[in-house]
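A.B. asks: Residue-level listing of the chains:
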Amino acid sequence: MKIGVLVLEGPYQHQAADSAYHFIQAALARGHEIVGVFLYTDAVNNANRFIKPPGERNLAQMWDELGAQGINIVACTACAKFRGLTKDLAVDHVRLSGLGSLAEFIQAADRFVTFGD
Amino acid sequence: MSNKVAVLMRRAPYGSVYTAEGFRSMMGIGVFEMDVRVIFVDDGVYALVKGQDPSALDMKSLGDGFPMLPDFEVTKFYVHDLSLAERGLTKDDLVLVLSRSEGMGVEVVDSATIARLLTESGAVLPF
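Chains as they are written, first to last, in our numbering: chain G, 42 to 158; chain D, 900 to 1026.
Simulated from the structure, these hints should not be mistaken for lab results. Quick caveat, the model's predicted, so the values are computed rather than measured. Watch out, some of these pointers could steer you wrong.
[Said to hold, decoys possible] Keeping only pairs whose Cα atoms sit at most 30 angstroms apart, straight-line, the calculated DSBU-like set for lysine-lysine is:
(1) LYS43/G / LYS975/D
(2) LYS43/G / LYS903/D
(3) LYS128/G / LYS959/D
(4) LYS949/D / LYS959/D
(5) LYS949/D / LYS975/D
(6) LYS975/D / LYS903/D
(7) LYS990/D / LYS122/G
(8) LYS959/D / LYS903/D
(9) LYS93/G / LYS128/G
(10) LYS122/G / LYS93/G
(11) LYS959/D / LYS990/D
(12) LYS128/G / LYS43/G
[Claimed, not checked] The following label-pair restraints were derived from C-beta to C-beta distances:
(13) GLU1019/D / SER60/G: 38 to 46 angstroms
(14) LEU130/G / LYS990/D: 45 to 53 angstroms
(15) ALA109/G / GLY987/D: 36 to 44 angstroms
(16) GLN110/G / SER915/D: 43 to 51 angstroms
[Claimed, not checked] Which chain G residues stay away from chain D? Per the calculated CB distances, all over 12 angstroms, these:
(17) ARG90
(18) GLU145
(19) GLY157
C-beta: ideal position from N, C-alpha, C; glycine also.
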């Protein structure tokens, strides 16, 4: 099955980003295809390459590794501007793009799943 | 999948960014030939109340923004009757009634209709 994912919360404050990540890993393990992950609102902060959580899981790195595996991960450009997340500050395998990507993922997916508060 | 997308407004219009972003998401995806329906439930119904003035919060009124959604092919609005009633609101309190002449109406619907709208949507974006 083709699955699209929307994430609405930033790292660490809420479970949403972790849940999305683990959902994606589980879906991939079962042979499903992830058509795209859209990081919206505070979720764009998941892509901050300077995230260095002492002694805990590094969500930015986790997303980056997922992106490196070929998963299409997009952080909302406008949301990134609001939060000062420039392209240079984002991890290598998360791309900044607009809401058109969200529309594209919705259209390409058999199921579309949102993780938020 | 179905090109029907439901944007579900669940929260009060100010105090958090969700309603404003739900609004922005509709404008973003409405132009991509998707059939967007907007559903207001719980505190989400406050987003449609007339006479909003959030200027003291340095925010723009969301209610004023909704009538411009037809420009983005977003014309279907549904409001949950029970959520309105629980908050002492009626259809007359809502902004979209003013835009009926432009072919954009807000429909007050019951829980079963909300459930049907969500079920038949290919994707639901909950804000």
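A.B. asks: If a hint holds in the structure, say so; if it doesn't, say that too.
C.D. replies: Taking the hints in turn, this is what the structure says about them:
With a C-alpha separation of about 27 angstroms, the suggested pair LYS43/G and LYS975/D falls inside the 30 angstroms cut-off, and the hint holds. A distance of roughly 17 angstroms separates the Cα atoms of LYS43/G and LYS903/D; the hinted pair therefore holds under the 30 angstroms criterion. Restraint check for LYS128/G and LYS959/D: the C-alpha separation of about 28 angstroms stays at or below 30 angstroms, so the hint holds. Restraint check for LYS949/D and LYS959/D: satisfied, since their Cα atoms lie roughly 13 angstroms apart, inside the 30 angstroms limit.
Note on LYS949/D and LYS975/D: the hinted pairing holds, with a Cα-Cα distance of about 18 angstroms set against a maximum of 30 angstroms. With a CA separation close to 11 angstroms, the supplied pair LYS975/D and LYS903/D stays within the 30 angstroms bound. This hinted pair does not check out: LYS990/D and LYS122/G have alpha carbons roughly 37 angstroms apart, beyond 30 angstroms. Between LYS959/D and LYS903/D the CA atoms are separated by roughly 28 angstroms; this keeps the pair inside 30 angstroms, and the hint holds.
Straight-line distance between C-alpha atoms of LYS93/G and LYS128/G comes to about 18 angstroms, which keeps the hinted pair within the 30 angstroms bound. Taking the CA atoms of LYS122/G and LYS93/G, the gap is about 21 angstroms. The hint holds against a cut of 30 angstroms. Between the alpha carbons of LYS959/D and LYS990/D the distance comes to roughly 22 angstroms, so the proposed pair stays at or under 30 angstroms and holds. Pair hint LYS128/G plus LYS43/G holds up; C-alpha atoms about 28 angstroms apart against a cutoff of 30 angstroms.
A hinted range of 38 to 46 angstroms for the beta carbons of GLU1019/D and SER60/G is inconsistent with their spacing of about 26 angstroms. Under the hint 45 to 53 angstroms, the C-beta atoms of LEU130/G and LYS990/D, about 46 angstroms apart, fit the expected range. Separation of ALA109/G from GLY987/D is about 53 angstroms and departs from the stated range, judged on CB atoms against 36 to 44 angstroms. Taken as a hint, the range 43 to 51 angstroms is violated for the pair GLN110/G and SER915/D, whose Cβ atoms sit roughly 33 angstroms apart.
Under the 12 angstroms C-beta cut-off, the non-interface status given to ARG90/G relative to chain D holds; the minimum distance is some 23 angstroms. Not every CB of chain D is more than 12 angstroms from the CB of GLU145/G (nearest about 8 angstroms), against its label as outside the interface. Non-interface call for GLY157/G relative to chain D: violated, since the shortest CB-CB distance, roughly 6 angstroms, does not exceed 12 angstroms.
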